[in-house]
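Protein chains in written order, with our numbering: chain D, 75 to 357; chain U, 434 to 791.
Hints were generated in silico from the structure; no laboratory data involved.
Among the hints, erroneous ones may be present.
To be verified - Capping the alpha-carbon separation at 20 angstroms, the derived lysine to any residue pairs in SDA-like fashion look like this:
id : chain 1 : residue 1 : chain 2 : residue 2
1  : U       : Lys-605   : U       : Gly-670
2  : U       : Lys-455   : U       : Arg-482
3  : D       : Lys-269   : U       : Lys-538
4  : D       : Lys-346   : U       : His-524
In this text, all values refer to a predicted model and were calculated from it rather than measured experimentally.
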Amino acid sequence: MKNKVLKRIVLFPIIAYALLLILLPLVYILFLSFCQNDSYGGMIYHFTLSNYLSIFDITYIGILLKSSLIGLVTTFLCICISYPFALVLRERSKNVQNLMTKLIMIPFLTNSLIRTYGWIVLLRKNGVINSALIGTGLIHEPLGLMYNNLGIIIGMTYTLLPFMMLPVCSATFKIDNNLIEAAKDLGAKPLSIFKNIIIPETLPGVFNGSLMVFMPAIGYFFISDILGGGKAMIIGNLIKNQFLTARNWPFGAAISMFLLIITFLLIYIYRKLGGKLDDLGGM
Amino acid sequence: MKTVVKLENISKSYEKGKYVIKNLSLDVYEGEFLTLLGSSGCGKTTILRMISGLEHVTDGKVYIDDKDVTEVDPTKREVNTIFQNFALFPHMTVYENVSFGLKMKKINKQEIKERVTEVLKLVELDGFEERYPSQLSGGQQQRVAIARGIIMNPKVLLLDESLASLDLKLKKMMQIELKKIQKKLGITFIYVTHDQDEALTMSDRIIIIEKGVIKQEGSPKEIYEHPNSVFVADFIGESNIFKSTIIHIDENKTIVDFDGKHFSIPRNEKDEIGKMVNIMVRPENVTISTEPFQNAIKGVIKTIVYDGSITKLFVDNEGDFDLRVTVKGSVDYKEGDTTYIIVDDKDIVAIREENHEE
């Protein structure tokens, strides 16, 4: 009895936080997305679906597709980097595993905007990477590493990598060693073990990571602003522009809700395919 | 008999200077059911893993079918393992699990299908092809694990405490089942267990291991009836062990004294008067009576345990030592009764251990 009261007291701030700072703004955005916009950036509280319908304009569909492509490439790169890392760490002791996963987290205690600016020093025409490559004579002309889609993808992959790393690592570490030994015992070579045991067993982790990489990768406008040179527009930029430049809040809200719907849709598909929600939270 | 697995002076150490297995040699014959029996941590699983190749030997050689496989990868050894927790692939159906090894060998689909059907019939799991391991009972999972191993036609099937996780009744059933499957296929089974009952029930030959060393090997009957050490006598079944002293040596028999009672044992050339000999008698081989008998050991019944088909009596001999007596059926005695225990010379096993006093 006493315990229950205590539990409620402890839980209250968390629930209050979630209600006030997550749910309430979300409801407000949902509300906005059904409002009309007036020509001076104000709101007319009159129900309309036109905001949602205008998303399906060819311009916006183009941005959506391009963002998705950047998001997919970023997600794919994150998966490709995370697996070798997780598989090598799997063989190490618990202490090494803990240390390494903490090391991944450390850069993320610094502001991501500052870290993104840091990449300019590395990627620009006379930056560290180009200078080094020219210095060693590998190339003669500097590579265009930024102010293009490549720059955005490099920045996104770097920034979002931990969101893939952590779930993939935790899923990989959890695989029962007996399963891998049993596969070996039955004649499976490393590649077959990876394909037949590791991938299926870590799929929920990868899906979890993919959600957490893909969604921000189409939304982190500051990365596309800084490393894409403002030329490229991803959905994040589109939403930002609607709120700050075009001052069309209802349309911005509608695109935001649209992204949320896509997220739920992906989770729904995942569950339909037999995935468990518990596995998604397994960090 | 043809040797199918040969271990030659193998050693294993994880830390420098500390050996889990030391200089162990063992021949395993074709078609036999061999059990490695020992308490947990004795190194028996390590031996199994060195045969399968999942563990490297620190020293020595491993031969399978006369080929030196010491450096051969587990994927290429013609042995298969049934793991303690079965290690079924949870995301694969029974069919996919059982066919996994053949798929790795790139055998054509038609043949795989035929062999899976055949082997599932053998373990009585036909019709379960599309189930997932989580939808099966413990016993069924066990049989899938066996099917997944034997479908590979291994030279040897290695079983690591494979029945330990099953409940008693199922375990008893699976013991007989395993033995039946082994006889039918004629494959050599090497079974690792700490359960002496299991070892006695299933094995053709038992190897008793303690601290990485073979203590005794032989058929279940040999080991049960003629343990060569106090450790083995104590480990296999229940026993009464008396430390007795040699008081007389005849032409072909030796007379020993224990607590003023005299027993005759076959003579050993190393016997000397005054030397200590352990004599062992199984609880089911002694006779208990309320009448005083010549040369009978007197004692008071401390505890009576009724166990259905048998009754176990624990008899206290004036605090000096405990005697275990097993009687068929039930008894009329009460706890606290004074009884006399008669030990027949022919039921006595003398255990002479050199430099080994326990």
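Hint check results:
Note on Lys-605/U and Gly-670/U: the hinted pairing holds, with a Cα-Cα distance of about 17 angstroms set against a maximum of 20 angstroms. A distance of roughly 15 angstroms separates the Cα atoms of Lys-455/U and Arg-482/U; the hinted pair therefore holds under the 20 angstroms criterion. Proposed proximity of Lys-269/D and Lys-538/U is supported: the alpha carbons are some 15 angstroms apart, at most 20 angstroms. Taken as a hint, the Lys-346/D and His-524/U pair is honoured in the structure, with Cα atoms around 16 angstroms apart against an allowance of 20 angstroms.
In summary, the structure agrees with every hint in the numbered list given earlier.
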